[in-house]
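J.: Residues per chain are reported as follows:
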Amino acid sequence: MSRQRHTICSPTPVPIYTRFDIPKGKVPLYSIYSTARNLSSNNGNDTSDGAAAVKLTPGITIQTALNYAIQALERKSVPEPEESALNLLSHSLGLCWELGHQSVLANQPMSEEQCNAFQSLIERRIHLEPLQYIIGQWDFHDLIGLKIKEPMLCPRPETEELVEFVLKDVSELIRNRGSTKERIRILDVGSGTGAIGLAIANRYCDEVQVLALDVLPEAVELSNDNAKRFLANHIDDDFTNTQAGETYKMDFDIVVSNPPYIPSRDMATLSEDVSRYESDKALCGGDDGLDIVRHIVKRLPEWTTGNCWMEVDDSHPSLIADWLSPGSLESSRLGVECVSTHKDFCGRDRFVKLRVL
Amino acid sequence: MRRLVVPAVVIVLLTANIDQASSLLSSGCNTSQHRRRSCHHHYTATKPSTLSFQKQINNIITPIPRSSAASSSLTKLRATTKETDLTSLRKLLTTATSIHNKNLASTPPLSQISSRLHDLEVESSNPSFWDSSNSARNDVVTKEIGRYSRLKEEMVLWEKLRKDATEALELLEELMNNQKSDDDNNNSENDNEEMILLTQEECQSSAQQLLLLSQKYELSTLLSGPYDDSPCRILLTAGAGGTEACDWVAMLYRMYVRHATYMDYTIKVVDESAGDVVGYKSVELQIDGPNAYGWFKGEKGAHRLVRLSPFNANNKRQTTFAGVDVVPVLEEETIQSVDIPEKELEITTMRSGGKGGQNVNKVETGVRIKHLPSGIAVKCTEQRTQMMNKNLAMNRLKAQLLAIAQEQRLQDINAIRGDVVEASWGAQIRNYVMQPYKMVKDGRSEWETSDVDGVLDGGAALEEFVGAWLRWMRGKEEKEREELEMAA
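In the order they appear, the protein sequences are chains A and B.
Everything in the first sequence is counted per our numbering, starting at 1 for the first residue and increasing by one.
Everything in the second sequence is counted per our numbering, starting at 1 for the first residue and increasing by one.
Next up, chain A with everything else stripped away, as it sits in the complex (with noise of 0.2 Å):
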């Protein structure tokens, strides 16, 4: 391999790849390894933005390609560098990366326009996008390839715990139902990519019926589009037009809700692969965090006469469970109070049951 020593030492930061010569076909690993870490520890601080970071060339192996993402991920800092370069390996392959396939696909060389193909998703990430968001599409509880979209929050994991509360009210609703044939109804407040009430509806497609509101005309399209893919025989067409929520009928069973809860003082701190991509709206809850969260309590008892799940910041539950604490004034007053507060699995407080006096 050969390397031209004078772009090495120049004054202006270069890209180190684009000025490497590497052999076509199989490159071993080793070799490669061995020089971008020497590459790189010459090099500390360069590589503007504009310029590619990682050029791969055809014919080089599907382990090495991963390998070489791997590293340019890495030397960004770019959070979570080796699930992403997986995750957009398999993407650009169009297969899965599954440690049964790995020994099998590792030798095989990667043609021009995978190699490009999958160049330019690194490239992106590198730009810390949210690989949601690069892909396009990610599972989400029992969904598979629920379609993203900037700038709508990406679906997190302490979603899916919300959802699995809900599923076991909304069963036992159904045994307690008996025998009518009503319904479940169900509010999904701030739908984003409507997550939520579609994972709901998906696993009670014949016993619920879903109402998402957002006020992003985006979301609503994302929300739909969605609910065709999962849902493609069980949908109302006639849900595009956000002032609809008005002509029907609010007497819900169950309200849930993943509102903005970032208190304005923690936004700061956000990495900025959250706040350079996701939107603020569907993030920030004001200073507290409990804008949102208030505005919704406020109009609970004209929504529904049962439950309200919500997740939450994990300041908030100690804080509702103390404004909304049964018998308090404010709990009188609004007509609400906290039923419940619970864990996620990560150990923090994150979720809040409400009920409607």
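Hints are computed from structural coordinates only; laboratory data are not their basis.
Glycine included, each C-beta is placed from N, C-alpha and C at the ideal position.
One or more hints might be untrue.
[Claimed, not checked] Taking lysine-lysine pairs in the PhoX-like style, the calculated list, with each CA pair at most 25 Å apart, reads:
{"hint": "1", "chain 1": "A", "residue 1": "Lys343", "chain 2": "B", "residue 2": "Lys370"}
{"hint": "2", "chain 1": "A", "residue 1": "Lys147", "chain 2": "B", "residue 2": "Lys160"}
{"hint": "3", "chain 1": "A", "residue 1": "Lys168", "chain 2": "A", "residue 2": "Lys343"}
{"hint": "4", "chain 1": "B", "residue 1": "Lys102", "chain 2": "B", "residue 2": "Lys152"}
{"hint": "5", "chain 1": "B", "residue 1": "Lys441", "chain 2": "B", "residue 2": "Lys479"}
{"hint": "6", "chain 1": "B", "residue 1": "Lys316", "chain 2": "B", "residue 2": "Lys343"}
{"hint": "7", "chain 1": "B", "residue 1": "Lys343", "chain 2": "A", "residue 2": "Lys168"}
{"hint": "8", "chain 1": "B", "residue 1": "Lys152", "chain 2": "B", "residue 2": "Lys216"}
{"hint": "9", "chain 1": "B", "residue 1": "Lys355", "chain 2": "A", "residue 2": "Lys281"}
{"hint": "10", "chain 1": "B", "residue 1": "Lys362", "chain 2": "A", "residue 2": "Lys149"}
{"hint": "11", "chain 1": "A", "residue 1": "Lys343", "chain 2": "B", "residue 2": "Lys91"}
{"hint": "12", "chain 1": "B", "residue 1": "Lys362", "chain 2": "A", "residue 2": "Lys281"}
{"hint": "13", "chain 1": "A", "residue 1": "Lys228", "chain 2": "A", "residue 2": "Lys249"}
{"hint": "14", "chain 1": "B", "residue 1": "Lys281", "chain 2": "B", "residue 2": "Lys379"}
{"hint": "15", "chain 1": "A", "residue 1": "Lys353", "chain 2": "B", "residue 2": "Lys355"}
{"hint": "16", "chain 1": "B", "residue 1": "Lys362", "chain 2": "A", "residue 2": "Lys343"}
{"hint": "17", "chain 1": "B", "residue 1": "Lys216", "chain 2": "B", "residue 2": "Lys379"}
{"hint": "18", "chain 1": "B", "residue 1": "Lys91", "chain 2": "B", "residue 2": "Lys160"}
{"hint": "19", "chain 1": "B", "residue 1": "Lys343", "chain 2": "A", "residue 2": "Lys353"}
[What the hints assert, rightly or not] Stretch-level coverage of chain B by chain A, calculated; a stretch enters the list once three of its residues show a Cβ under 8 Å from a Cβ in chain A:
{"hint": "20", "stretch": "144-151"}
{"hint": "21", "stretch": "361-372"}
{"hint": "22", "stretch": "384-392"}
Put chain B on the given structure of chain A with help from the hints.
T.: Below, chain B alone, put in the same frame as chain A:
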């Protein structure tokens, strides 16, 4: 002349093998039927010496001169050889039929199997049977149909082989009697001789095949635990010892992959965690096939390797351990019956620190579940969503608890105690010594061999270890059952 010699050699060798094989199985089985307390002696299986039949071969293969002058002595020798053949054939057939009878005693009669199969097939021919809502029952029935049809085929085959072998033996006896009377009258009929040889071969091959099939079936009935017929997951973990331990895991990985292929199971590598220099820190395999868990469950425990370590600066003789854990993959039906209260579980994710929730967008969704009373922890990182990981981890935890409860003969998974679990996982089950002498010894069944490379190649050598352990386990169980009955 050569024609006579060859069959004789073949028969003698086979006879010796059969003796060897039957002494392992039949003697133990016979004793158990008499229910004597001292029968445990028969279960320490050691390899009989192979010198005896070599001597037998030397006795029989004597060069026989082709001359008419010696024809009378030749005829006499021929008669003796044939009679030895006949006796050995009779013996072979008796052994085969005795095992066959034992197998028949433990299987339902053929008519019952046929009627059950018929019922199952009627059920599965119902169009609504294949609905997705019926999938659990679907799986169960398909499995049952497979099992019963296999059993029926085997039993029919055994019957056929037994009939062929018995008839061939009778024909042979008749022919030999005719031959003998002809010889006495000094008539020689070469056609008869050929007939005899052919019949001999036929009888021998039928009897041999019957014996092999019956032994194989008997072995598979040793695998009769409730979860034995499930696929299993094998988890190999390197013990303390750094590079050497990681290399040992790689060796065991190779052994199990080769063994599973040899035994016609399908293997899938679920997870691999490479060691820093060489080998693996941990490997997880999934093995599918009939009786996969039953076969591999004896591998659970610590495997100890002693060798001159190529990774040690002074090339010292080093001892390393690798932990092997085998868990069945149970069906939904079985698992759903297990209910673990939330407070006994500690569920954590692999994401640590930070605020989580909307503040963070991470795709790593591994889940770790720990069962507090017993101390068992499982983790699952394979799936894309946290919920799927959690469900899989719960299923695996329940499967592991059920397997341990079954192993320790507990009524309820709540009775599993953490210290007992610890002890069973740390127990040294097999020693592999490569220097200064070569030996692999199983600490439980006392089976040993000096063919370390053969065992590590995962072929017949390892099969013998597993077989020996299975028989030892059955012996142990029968002994316990006897003691229980004696006490009652």
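J.: Would you mind marking each hint as holding or not holding in the structure?
T.: Results of checking the hints against the structure:
| no. | hint | in the structure |
| --- | --- | --- |
| 1 | A/Lys343 x B/Lys370 | 17 Å, holds |
| 2 | A/Lys147 x B/Lys160 | 62 Å, violated |
| 3 | A/Lys168 x A/Lys343 | 16 Å, holds |
| 4 | B/Lys102 x B/Lys152 | 16 Å, holds |
| 5 | B/Lys441 x B/Lys479 | 23 Å, holds |
| 6 | B/Lys316 x B/Lys343 | 49 Å, violated |
| 7 | B/Lys343 x A/Lys168 | 18 Å, holds |
| 8 | B/Lys152 x B/Lys216 | 15 Å, holds |
| 9 | B/Lys355 x A/Lys281 | 19 Å, holds |
| 10 | B/Lys362 x A/Lys149 | 17 Å, holds |
| 11 | A/Lys343 x B/Lys91 | 72 Å, violated |
| 12 | B/Lys362 x A/Lys281 | 20 Å, holds |
| 13 | A/Lys228 x A/Lys249 | 23 Å, holds |
| 14 | B/Lys281 x B/Lys379 | 16 Å, holds |
| 15 | A/Lys353 x B/Lys355 | 21 Å, holds |
| 16 | B/Lys362 x A/Lys343 | 19 Å, holds |
| 17 | B/Lys216 x B/Lys379 | 37 Å, violated |
| 18 | B/Lys91 x B/Lys160 | 19 Å, holds |
| 19 | B/Lys343 x A/Lys353 | 20 Å, holds |
| 20 | 144-151 | violated (count 0) |
| 21 | 361-372 | holds (count 6) |
| 22 | 384-392 | holds (count 6) |
Going through the hint list in order, the structure does not satisfy hints 2, 6, 11, 17, 20.
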